[in-house]
Every structure is written in structure tokens, then in C-alpha cells.
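K.L.:
Each chain is listed here by its residues.
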Amino acid sequence: DTAVSQTPKYLVTQMGNDKSIKCEQNLGHDTMYWYKQDSKKFLKIMFSYNNKELIINETVPNRFSPKSPDKAHLNLHINSLELGDSAVYFCASSQVGRNTEAFFGQGTRLTVV
Amino acid sequence: TQLLEQSPQFLSIQEGENLTVYCNSSSVFSSLQWYRQEPGEGPVLLVTVVTGGEVKKLKRLTFQFGDARKDSSLHITAAQPGDTGLYLCATIQGAQKLVFGQGTRLTINP
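Sequences listed follow chains A and E, in order. Note that the first sequence covers residues 75 to 187 in the working numbering. Note that the second sequence covers residues 474 to 583 in the working numbering.
None of these hints come from the bench; they were simulated from the model. Hints are not guaranteed to be accurate.
[What the hints assert, rightly or not] Cut-off 25 Å, straight-line C-alpha distance, at most; resulting in silico cross-link-like pairs (DSS-like, lysine-lysine):
| no. | chain 1 | residue 1 | chain 2 | residue 2 |
| --- | --- | --- | --- | --- |
| 1 | A | Lys110 | E | Lys570 |
| 2 | A | Lys126 | A | Lys114 |
| 3 | E | Lys570 | E | Lys543 |
| 4 | A | Lys145 | A | Lys93 |
| 5 | A | Lys83 | A | Lys96 |
| 6 | A | Lys141 | E | Lys570 |
| 7 | E | Lys543 | A | Lys83 |
| 8 | E | Lys543 | A | Lys118 |
| 9 | A | Lys96 | A | Lys115 |
| 10 | E | Lys532 | A | Lys118 |
| 11 | A | Lys126 | E | Lys543 |
| 12 | E | Lys543 | A | Lys115 |
| 13 | A | Lys114 | A | Lys145 |
| 14 | A | Lys126 | A | Lys83 |
| 15 | E | Lys530 | A | Lys114 |
| 16 | A | Lys118 | A | Lys93 |
| 17 | E | Lys543 | A | Lys145 |
| 18 | A | Lys93 | A | Lys114 |
| 19 | A | Lys96 | E | Lys570 |
[Claimed, not checked] So, partial list: chain E residues that the calculated Cβ filter (under 7 Å) puts toward chain A:
| no. | residue |
| --- | --- |
| 20 | Gly515 |
| 21 | Leu519 |
| 22 | Val520 |
| 23 | Gly555 |
| 24 | Gln569 |
| 25 | Gln575 |
Every residue, glycine too, gets a C-beta built ideally from N, C-alpha and C.
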């Protein structure tokens, strides 16, 4: 069983569209994250949720809206997609502790054309 | 300004050579993690170092945490093509914010 799974793996869409990426973890972790990895491979945190509550929102445009229906799921909805949104988006989960280890999904490669 | 500065950004060497990559900061950390990311995959944790001066070994990989807990290094002995990947250091900032360095892209040529 995949520990952290996100869908879809690839997403190609036109500018102005709205799209969602889904993420599920079966590790029983209490914290989930969304990261954006740009073309230079820099992994930047976007959001963090702990037990369905938003903990971190890193100056992300409000076109990005995360939703956590329960602590095993964290979805990312993006409105009015722009060319600059093209990137690989990673979902991750962890259990809060002194040495928080993050488990990552395989990523969603979003291409806005 | 990056919290974690990794160097070098790119490294390409021949199979069998040794190499060291670095993760530096001006801040003191309670712990530091190293991840490896292969193409098309998410990062995977290699090790967590916690104590200043700590050394951990994972087969041919040796991780060291600086005495002052501000820096770390990863040394690979006799590199193999399977070691190719993006190596990322990361630390916890605040309560639950896991932040990463820019990474070192390592290529081992057969």
C-alpha cells in the first residue's frame, strides 16, 4: 500500500481553468503538507494542516485553497490557473514530534498552457 | 535569504570517486534531516541527526552534524550510479514547518 498517494500524477490544463489535486495518507499521521517544487528543484512549503486545522499558510495566492475533510486527506484546489503555477506539487505527511520525518507522495506535475 | 544553504548546487563525478556535500546555516537547529529525491519521485528521508558532533553511517553514506548544530555534511565513499539524485537537507522551523535547502544535484557517471 502506498503511504502517501496523490492524484493525478500529471495535469495539463489551460490558463484560467480551475483544478484540484487530491492527497491521502494511510500512515495515521496528524500533519499534512503541500509543497511546490519549481524548475530549479527548490521545495517550498505552501500549507500545513494539523488534525484538519490550517497551521501554516506561506504567502500563497488565495487562488490556492487547501481543504482537509479529515486528517488522512488534504486536497488542493487552484482557481484561475496561471502560467507561473506550472510546477511539481508534493503532498507530504508527518507525525509531530522532535524529529518530524516527512513522507512524500510521488508528486503532481502541473503544466499550465 | 535561505535558512539552509547547500553546496555545491551541482556535482558530477565518476563512479568510484568520493564526494562531500554541505548544508550550512547561521541558525542553530535541534535536528537536521537529509533526504534523497530521484527523478519523478518524492523526497525520501535518509537520516536525522540530532546531537552536535553526531556521525551516522548508512552503508557508503556518512552524515555529520556540526558541533554547534549549525551545519551538516554528507560524504559518499566510492560513489555509484545509483547514488545519482537530488540531496536535500531540511529542518523544523517553529512548531511544524519543515523547510528545505535548495538541494545538491548529484550525477555519478559510469
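K.L.:
Hint by hint, say whether it matches the structure.
P.N.:
Each hint tested on the structure:
1. Our distance criterion of 25 Å between C-alpha atoms is met by A:Lys110 and E:Lys570, whose separation comes to about 14 Å.
2. Between A:Lys126 and A:Lys114 the CA atoms are separated by roughly 31 Å; this puts the pair beyond 25 Å, and the hint is violated.
3. Proposed proximity of E:Lys570 and E:Lys543 is supported: the alpha carbons are some 18 Å apart, at most 25 Å.
4. Pair hint A:Lys145 plus A:Lys93 holds up; C-alpha atoms about 22 Å apart against a cutoff of 25 Å.
5. The straight-line distance between the Cα atoms of A:Lys83 and A:Lys96 is roughly 10 Å, inside the 25 Å bound, and the hint therefore holds.
6. Only pairs whose Cα atoms come within 25 Å are accepted, and A:Lys141 paired with E:Lys570 is accepted, the gap being roughly 18 Å.
7. For the suggested pair E:Lys543 and A:Lys83, the alpha carbons sit about 36 Å apart, so the restraint of at most 25 Å is broken.
8. With a C-alpha separation of about 21 Å, the suggested pair E:Lys543 and A:Lys118 falls inside the 25 Å cut-off, and the hint holds.
9. Restraint check for A:Lys96 and A:Lys115: satisfied, since their Cα atoms lie roughly 22 Å apart, inside the 25 Å limit.
10. Proximity of E:Lys532 to A:Lys118 is assessed by CA-CA distance (about 30 Å); at most 25 Å being required, the pair is judged violated.
11. Taking the CA atoms of A:Lys126 and E:Lys543, the gap is near 33 Å; set against the 25 Å cutoff, the hint is violated.
12. At roughly 23 Å between alpha-carbon atoms, E:Lys543 and A:Lys115 fall within 25 Å of each other, so this suggested pair holds.
13. For the hint pairing A:Lys114 with A:Lys145, the CA-to-CA distance comes to about 31 Å; that exceeds 25 Å, so the pair is violated.
14. A hinted pair counts as satisfied when its Cα atoms are at most 25 Å apart, and A:Lys126 with A:Lys83 qualifies at roughly 24 Å.
15. Restraint check for E:Lys530 and A:Lys114: not satisfied, since their Cα atoms lie roughly 29 Å apart, outside the 25 Å limit.
16. Proximity of A:Lys118 to A:Lys93 is assessed by CA-CA distance (about 20 Å); at most 25 Å being required, the pair is judged to hold.
17. Simply put, E:Lys543 and A:Lys145 have alpha-carbon atoms about 33 Å apart, too far for the 25 Å limit, and the pair is violated.
18. Restraint check for A:Lys93 and A:Lys114: the C-alpha separation of about 24 Å stays at or below 25 Å, so the hint holds.
19. Using a Cα cut-off of 25 Å, the hinted pair A:Lys96 and E:Lys570 holds, with the two alpha carbons roughly 21 Å apart.
20. Evaluation of the E:Gly515 hint against chain A yields a held restraint, the C-beta minimum of about 3 Å falling below 7 Å.
21. A least Cβ separation of about 10 Å between E:Leu519 and chain A goes past the 7 Å threshold, and the interface hint is therefore violated.
22. Interface hint at E:Val520: violated, since its Cβ lies 10 Å from the closest Cβ of chain A, which is beyond the 7 Å cut-off.
23. Because the closest C-beta pair between E:Gly555 and chain A is about 19 Å apart, greater than 7 Å, the hint is violated.
24. This hint holds: E:Gln569 has a C-beta 6 Å from the nearest C-beta of chain A, less than the 7 Å allowed.
25. For the restraint placing E:Gln575 at the interface with chain A, the shortest Cβ-Cβ distance is roughly 5 Å, inside the 7 Å limit, so the hint holds.
In this structure, the hints that do not hold are numbers 2, 7, 10, 11, 13, 15, 17, 21, 22 and 23, in rising order.
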